[in-house]
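A.B. asks: What follows is each chain in one-letter form.
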Amino acid sequence: MPQGDYIELHTKRNGRRLDHEERSRKREARSKHLIAKNAKYLRGVKAKIFAKERYKEKVEMRKMIKAHEEKDATVKDKQKTDGAIPAYLMDRDEVNRTKVLSNMIKQKRKEKAGKWQLPLEKVKPMSEAEMFKVVKTGKRKRKAYKRMINKVTFVGDNFTRKPPKFERFIRPTGLRFKKAHVTHPELKTTFCLEIIGVKKNPQSALYSTLGVITKGTLIEVNVSELGLVTQTGKIVWGKYAQVTNNPEMDGCINAVLLV
Amino acid sequence: MEKVVKRAKVNEEDEVHTSEKVLDQVEKDHKQKAKNLDTTKDNNEDAKEEQKKEEQKKEEQNKYKEEEKEEGPSEYLIMFQNAEGEPVGDQIMLDSRTTKRNLVSLLNTFLENEEKLPYSLYIGDETNQSEVRSSILDSVKELPNAKYNAETVIPIIYKPEAMFRVRPITRASTTLEGHTEAILATNFSPDGKNLATGSGDCTVRIWDIFTETPHHTLEGHTDWVFFVCFSPDCKRIASGGKDKKIIIWDAKKGEMINKPLSGHKDYITSLSWEPFFKNSECRYLVSSSKDQTCKIWDTITGVPLKTLKGHTDHVTKVIWGGEDLIYSASRDTTIKCWNAKKGKLARELKGHGHWVNTLALSTDYVLRTSCFDHTQKEFSSTKEMKQYALERYNKAMSKKGHERLVSGSDDYTLFLWEPYISKKPIARMTGHQQLINQVVFSPDGQFFVSASFDQSIKLWDGKSGKFMHTFRAHVGRVYQVAWSADSRLLVSGSKDTTLKVWDMKRKKLMFDLPGHADEVYAVDWSPDGEKVASGSKDKRLRIWKN
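Top to bottom, those sequences are chains A and B.
For the first sequence, counting from 1, position 191 maps to 191 in UniProt numbering; every step adds exactly one.
For the second sequence, counting from 1, position 72 maps to 72 in UniProt numbering; every step adds exactly one.
If you are wondering where the hints come from, they were derived from the structure by calculation, not from laboratory data.
Accuracy of the hints is not assured; some may be wrong.
[Unchecked claim] Take a look, some chain B residues computed to stay more than 10 Å from chain A by CB distance:
1. P118
2. K141
3. E151
4. R171
5. L184
6. D201
7. T211
8. K290
9. D298
10. T307
11. D324
12. Q387
13. A396
14. K423
[Claimed, not checked] Among chain A residues calculated to face chain B with C-beta under 10 Å, some are:
15. Y41
16. L42
17. G44
18. V45
19. T81
20. L89
21. M90
[Unchecked claim] Simulated pairs of lysine to aspartate or glutamate, EDC-like, Cα-Cα distance not exceeding 20 Å:
22. K341/B with E378/B
23. K141/B with E75/B
24. K539/B with D82/A
25. K253/B with E281/B
26. K193/B with E181/B
27. K463/B with E212/B
28. K234/A with D518/B
29. K423/B with D324/B
30. K234/A with D291/B
31. K234/A with D454/B
32. K309/B with E281/B
33. K505/B with D518/B
34. K265/B with D91/A
35. K539/B with D191/B
36. K386/B with D208/B
37. K539/B with D518/B
38. K539/B with D250/A
39. K278/B with D191/B
Ideal Cβ positions, reconstructed from N, Cα and C, are used throughout, including at glycine.
This is chain A alone, in the form it adopts within the complex (with noise of 0.2 Å):
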């Protein structure tokens, strides 16, 4: 049996002093001082218990008051947020989704010109040695005209190989893809869509032709899941995305729509 019950077993026994609320009540409102003055003249590692304790405090006080505030303030009504939806879409857990892209017109144009506002506008330059890998062929291993590439590519669904004889670039299996991570800079969410084709490749244009994606390259990527929409009601369903890591040292595509 614990030993400190003496005390309420006293009180249970005979009862408080008669003025023990008088006494208590004046200890209370006495406390504010002592905690003032601990507060002012602790010292070292006291006073460190002493703030920490007393900030948990003080926060559980304020957030007391702010209830109450609450409770007692007359509610205004809301003000309203944006991104109107009609009645019938209410409750209804749609997915956000944005404007309809630029019209096919300008599309067009900014195709035809060239230009395309990137979010990355500068690559650093490769050599030719950092591409390509020299395979030795022949029975002496005397002929050098194969070449092994040593980045990530995308390789059609009807490509045939070429005769060993006559096939001079290697894509190796391993470091083809077929699908990118491609970001809607708009939505903010990323989607995992399929890569059509290798538009342009910033460092030559043989490497455009060859498919190899490196960091700034432009992919057309399939984004009818998306559900976007042209002006005059067709579904969009190929969008250039420019490619912002590199694919060969992270093993996965990451790229940016772009809109």
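Let chain A serve as the given structure and place chain B on it in line with the hints.
C.D. replies: Okay, now just chain B, sitting in the frame of chain A:
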């Protein structure tokens, strides 16, 4: 190949002859006396002509006999019936190649119409109907089981078409800017002279239709405006929104009348005025809200008279019908019918398996337009207007029938009800593959269409609920549809930013109207048929016309 060519030629020739024949048959009775008088004319010429005719007939008959084996009998016994199934005129024997035009003119003489009225004709009973487009024979062939032959009487059901024609809209006449947020609702006034829009920028705007300029901007709401609705006398506008308030506006001055009607605890989903022929003051209004109740308001004193409690979820749509019933659809899967006078529950329609999104009444159009129609009558007093509205309503209701109600739901089905008579549905309609967002009855009440998120619009028969056609062309969800006043055209607005105009007769896409830069949220066709207004998420209102 040769056979086909020959047959086509024969048909061409026959059309001319047969039309003469039919008219002859009809007119013979009427003009026998006149013909008797004619005999005094040159007998020789007549005799020659008759000879020629007889020869032609013989030739034709020979041809028919050859073709009969493949094409069916050459003559049919037919009888006209109205939509209720009551016969009109006698049974008559007609050539199987009788064209639709001749049938209609025959029908007009039977009905003793002074002016010739347009009708659409159908062959068959309620389950299997085929529309007569070219000739009797063709439509008999269309029927799945070859029920009719030369021996049986073929009932031809006729349905009157509108006397006037609405020209299809083909171009955008203006793009009106002004709203600073998406437009969520558009509504033409019943007389087609005013247009009101509600938007996410908390305002209601009134537009001048003739000059296509903004007229008034009505500020008063503190949140999105979901619903705007003209009173049937065109004088006032009711608007309700996310701020739980309903505001009544003066349509002419553009001012708020009284204080906002407040009492709902959640946002307002729809509003409906009391039918004009019940009360020409346009005093009472019913509103539905997300707080699971409907309220009947006295708009003059601004007091809620009755609260219709009973739904256990979000009420999505409310309609004040012409038979003293208020219909409300709710997300608790039921539709409830309330007695409008007592405010008590009259009937509960159960059947849906998921949220009920929308309702439509066969008399919706007449209730909305009250006394305004294509004749553009001028009235001297409200009493006269009321009388005319009642006349129009009674005309719209078929003789024995009651108002029919159709409901569309999240369970991809539609139900057709006749709530005045029974709580059992007339038909359950399936076919959509996504939820149904809106159903609308045609102004003449003979058809209704359903707009669905599965990108299609379906046409159904308004009486039996029989499936008639699917319209596909949209590449996004179809949000709203609107009929033209003559029930011949339909316009739909979609998530794919376009409007499309559909021809109900040929069941085809008529025009594709691109122009909006974003989803089209609201579409309305003016009751006078001149213009279409569409509101979009791109904050612009577009007006389309011929």
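A.B. asks: Hints first: check each against the structure and report whether it holds.
C.D. replies: Status of the hints after comparison with the structure:
1. P118: Since the minimum Cβ distance to chain A is about 33 Å, P118/B lies beyond 10 Å and the statement holds.
2. K141: Answer for K141/B: holds, closest chain A Cβ roughly 37 Å.
3. E151: Correct as stated: the minimum Cβ-Cβ distance to chain A is 52 Å, above 10 Å.
4. R171: holds (15 Å)
5. L184: violated (4 Å)
6. D201: violated (8 Å)
7. T211: At roughly 27 Å from the nearest Cβ of chain A, T211/B sits farther out than 10 Å, so the non-interface label holds.
8. K290: violated (8 Å)
9. D298: About 24 Å separates D298/B from the closest Cβ of chain A, which puts it past 10 Å; holds.
10. T307: holds (20 Å)
11. D324: Holds: least Cβ distance 26 Å, greater than 10 Å.
12. Q387: Fine: 35 Å to the nearest Cβ keeps Q387/B off the interface.
13. A396: holds (27 Å)
14. K423: holds (26 Å)
15. Y41: Not OK, violated: Y41/A not within 10 Å of chain B, min 55 Å.
16. L42: Interface hint status for L42/A: violated (53 Å vs cutoff 10 Å).
17. G44: Violated, because the Cβ-Cβ distance from G44/A to chain B comes to roughly 57 Å (cut-off 10 Å).
18. V45: Status violated, d = 55 Å.
19. T81: T81/A check passes; min Cβ-Cβ to chain B is 8 Å, inside 10 Å.
20. L89: holds (8 Å)
21. M90: Since chain B brings a Cβ to about 7 Å from M90/A, closer than 10 Å, the hint holds.
22. K341/B with E378/B: violated (31 Å)
23. K141/B with E75/B: Cα-Cα ~14 Å, so holds.
24. K539/B with D82/A: Holds, at roughly 12 Å.
25. K253/B with E281/B: Roughly 18 Å separates the two Cα atoms, so the pair holds.
26. K193/B with E181/B: violated (25 Å)
27. K463/B with E212/B: violated (39 Å)
28. K234/A with D518/B: holds (12 Å)
29. K423/B with D324/B: holds (16 Å)
30. K234/A with D291/B: Violated - the C-alpha atoms of D291/B and K234/A are around 39 Å apart, more than 20 Å.
31. K234/A with D454/B: Judged against 20 Å, a Cα distance of about 16 Å means the pair holds.
32. K309/B with E281/B: violated (26 Å)
33. K505/B with D518/B: Judged against 20 Å, a Cα distance of about 30 Å means the pair is violated.
34. K265/B with D91/A: holds (16 Å)
35. K539/B with D191/B: With a Cα-Cα distance of about 26 Å, the restraint between K539/B and D191/B is violated, given a limit of 20 Å.
36. K386/B with D208/B: Distance of about 26 Å is beyond 20 Å: violated.
37. K539/B with D518/B: holds (9 Å)
38. K539/B with D250/A: violated (43 Å)
39. K278/B with D191/B: Given that 20 Å is the threshold and the Cα spacing comes to 19 Å, the pair holds.
In the structure shown, a violation is registered for the earlier hints numbered 5, 6, 8, 15, 16, 17, 18, 22, 26, 27, 30, 32, 33, 35, 36 and 38, in ascending order.
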